[in-house]
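There are 4 protein chains.
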Amino acid sequence: MKDSKNTVSQLKKLVQQFCEVRDWDQYHGPKDLSIGIVTEAAELLDHFRFKTETEARNYFKDPKKRLEMEHEVADTLFMLLRLAQMYDIDLSKALSRKMAISNKKYPVHKSKGSNKKYSDL
Amino acid sequence: MKDSKNTVSQLKKLVQQFCEVRDWDQYHGPKDLSIGIVTEAAELLDHFRFKTETEARNYFKDPKKRLEMEHEVADTLFMLLRLAQMYDIDLSKALSRKMAISNKKYPVHKSKGSNKKYSDL
Amino acid sequence: MKDSKNTVSQLKKLVQQFCEVRDWDQYHGPKDLSIGIVTEAAELLDHFRFKTETEARNYFKDPKKRLEMEHEVADTLFMLLRLAQMYDIDLSKALSRKMAISNKKYPVHKSKGSNKKYSDL
Amino acid sequence: MKDSKNTVSQLKKLVQQFCEVRDWDQYHGPKDLSIGIVTEAAELLDHFRFKTETEARNYFKDPKKRLEMEHEVADTLFMLLRLAQMYDIDLSKALSRKMAISNKKYPVHKSKGSNKKYSDL
Numbered sequence: 018m019k020d021s022k023n024t025v026s027q028l029k030k031l032v033q034q035f036c037e038v039r040d041w042d043q044y045h046g047p048k049d050l051s052i053g054i055v056t057e058a059a060e061l062l063d064h065f066r067f068k069t070e071t072e073a074r075n076y077f078k079d080p081k082k083r084l085e086m087e088h089e090v091a092d093t094l095f096m097l098l099r100l101a102q103m104y105d106i107d108l109s110k111a112l113s114r115k116m117a118i119s120n121k122k123y124p125v126h127k128s129k130g131s132n133k134k135y136s137d138l
Numbered sequence: 018m019k020d021s022k023n024t025v026s027q028l029k030k031l032v033q034q035f036c037e038v039r040d041w042d043q044y045h046g047p048k049d050l051s052i053g054i055v056t057e058a059a060e061l062l063d064h065f066r067f068k069t070e071t072e073a074r075n076y077f078k079d080p081k082k083r084l085e086m087e088h089e090v091a092d093t094l095f096m097l098l099r100l101a102q103m104y105d106i107d108l109s110k111a112l113s114r115k116m117a118i119s120n121k122k123y124p125v126h127k128s129k130g131s132n133k134k135y136s137d138l
Numbered sequence: 018m019k020d021s022k023n024t025v026s027q028l029k030k031l032v033q034q035f036c037e038v039r040d041w042d043q044y045h046g047p048k049d050l051s052i053g054i055v056t057e058a059a060e061l062l063d064h065f066r067f068k069t070e071t072e073a074r075n076y077f078k079d080p081k082k083r084l085e086m087e088h089e090v091a092d093t094l095f096m097l098l099r100l101a102q103m104y105d106i107d108l109s110k111a112l113s114r115k116m117a118i119s120n121k122k123y124p125v126h127k128s129k130g131s132n133k134k135y136s137d138l
Numbered sequence: 018m019k020d021s022k023n024t025v026s027q028l029k030k031l032v033q034q035f036c037e038v039r040d041w042d043q044y045h046g047p048k049d050l051s052i053g054i055v056t057e058a059a060e061l062l063d064h065f066r067f068k069t070e071t072e073a074r075n076y077f078k079d080p081k082k083r084l085e086m087e088h089e090v091a092d093t094l095f096m097l098l099r100l101a102q103m104y105d106i107d108l109s110k111a112l113s114r115k116m117a118i119s120n121k122k123y124p125v126h127k128s129k130g131s132n133k134k135y136s137d138l
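Protein chains in written order, with this note's numbering: chain G, 18 to 138; chain D, 18 to 138; chain A, 18 to 138; chain W, 18 to 138.
Honestly, the hints are just simulated from the structure, not real lab data. Any given hint could turn out to be false.
Just so you know, same-sequence chains aren't split out, so a pair can sit in one copy or run between any two.
To be verified - Computed list of lysine to aspartate or glutamate pairs in EDC-like fashion (alpha-carbon distance at most 20 angstroms, straight line): (1) K121 to D137; (2) K122 to D137; (3) K133 to E70; (4) K68 to D79; (5) K29 to D40; (6) K82 to E70; (7) K134 to D105; (8) K19 to D105; (9) K82 to D137; (10) K122 to D40; (11) K29 to D107; (12) K30 to D107; (13) K133 to E85.
The structure displayed is predicted, hence computed values, not measured ones.
Bound-form chain G, shown alone (with noise of 0.2 angstroms):
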């Protein structure tokens, strides 16, 4: 599978098989799932935690250590996809529409170059 190759809804399809023949369905609420996102995205970030921002960096040049990272990645997209297949998110149509509303919120001009958040610009 690649990223140039497959659709989202191809990527969903393939989280909701694993998830059926274990018939988890009774045990993915929304709630759950949403703590799943961030317990599985605070494991990514823990590799972080007392580093800086150039160990960071290196560490995708690691290969062993970029593997690590890059399951961390994954764990945290299974449940972010498995949330939007069982309550019907178009996660591409969400990502444009909200998109189109952080445009407004950091209109170039204002936001380039900047690390501000909107509410300061």
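Use these hints to put chains D, A and W onto chain G, whose structure you have.
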């Protein structure tokens, strides 16, 4: 945009353009993007705090509340796609590779209908 | 040590000594300690993922599981105390000051028996 | 109230009274309170997203920004104290017991001046 049409690469491209026109590469280290995934996912989770599973599920039946949920999911996905795009992670590949591992950790005959962690199966 | 005897300052002192003898001040910026609070708390939360409220409560009746919970809570508290100690936060003062604000946001006659957020009261 | 005077039990009592007068015991299961700790801590962390370590430290020198930080820390502590109070966790005991374990995992001669995780020491 729709999940049935769009590849993951297309979503990444969208996010990349949004950030590059704002000259944000300098701020988007893996540590800060991981913080971004966690904090956006925590905003999603916050909606379900002190709510029952039934209340949580009902949010998706109320158009206004559903839209709020979808915005939070989109924000989380944005950060995840940006991390993958900046640090060359093929999400489809990472997902299918990690799911092959999970498939062994959670054999169907043991995990079917169970909410136990693999270490307790 | 016991909650009925120990002041918050005494707990802070304990954490400070542990970190200073290891020469860790250099790593304990507010950003990393906040990451620490989130990631430790996420480990606690992870125990409850896909579990019912009843299962979650029962963890505290099982001595082995209770000990695991208490370790996670202790790790979270450690990070919080360290942040307060490093950046001169008087936790008792901060707590009582914030609770005075919450007291107005959640007036008893409106919030009694309700799980609504103040903005929905 | 001040950290040098107040015992942990006194803080717990304060939180307990606030919640009991609002009849909130029914909502305060361990799963939801753990969600509470994570989401409040994530709000604290959110202030530091995309900020440098220097910017993060400087927040504590600006009275207005410091107050915002202290409010977030107080919200996190509130949830942690409530969990401890509801489920009979003696925080001082739990902390000192866990620190005795950490003391062995991070021997001074190995961990001094190091930001490595115990598993990498």
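Cross-check of the supplied hints:
no.: 1; hint: K121 to D137; in the structure: within (14 angstroms within a copy, 27 angstroms between copies)
no.: 2; hint: K122 to D137; in the structure: within (11 angstroms within a copy, 25 angstroms between copies)
no.: 3; hint: K133 to E70; in the structure: both (19 angstroms within a copy, 15 angstroms between copies)
no.: 4; hint: K68 to D79; in the structure: within (15 angstroms within a copy, 26 angstroms between copies)
no.: 5; hint: K29 to D40; in the structure: within (16 angstroms within a copy, 32 angstroms between copies)
no.: 6; hint: K82 to E70; in the structure: within (15 angstroms within a copy, 24 angstroms between copies)
no.: 7; hint: K134 to D105; in the structure: neither (30 angstroms within a copy, 26 angstroms between copies)
no.: 8; hint: K19 to D105; in the structure: between (23 angstroms within a copy, 12 angstroms between copies)
no.: 9; hint: K82 to D137; in the structure: between (36 angstroms within a copy, 12 angstroms between copies)
no.: 10; hint: K122 to D40; in the structure: between (42 angstroms within a copy, 16 angstroms between copies)
no.: 11; hint: K29 to D107; in the structure: both (10 angstroms within a copy, 16 angstroms between copies)
no.: 12; hint: K30 to D107; in the structure: both (13 angstroms within a copy, 18 angstroms between copies)
no.: 13; hint: K133 to E85; in the structure: between (31 angstroms within a copy, 16 angstroms between copies)
Hint 7 from the earlier list is the only one contradicted by this structure; the remaining hints agree with it.
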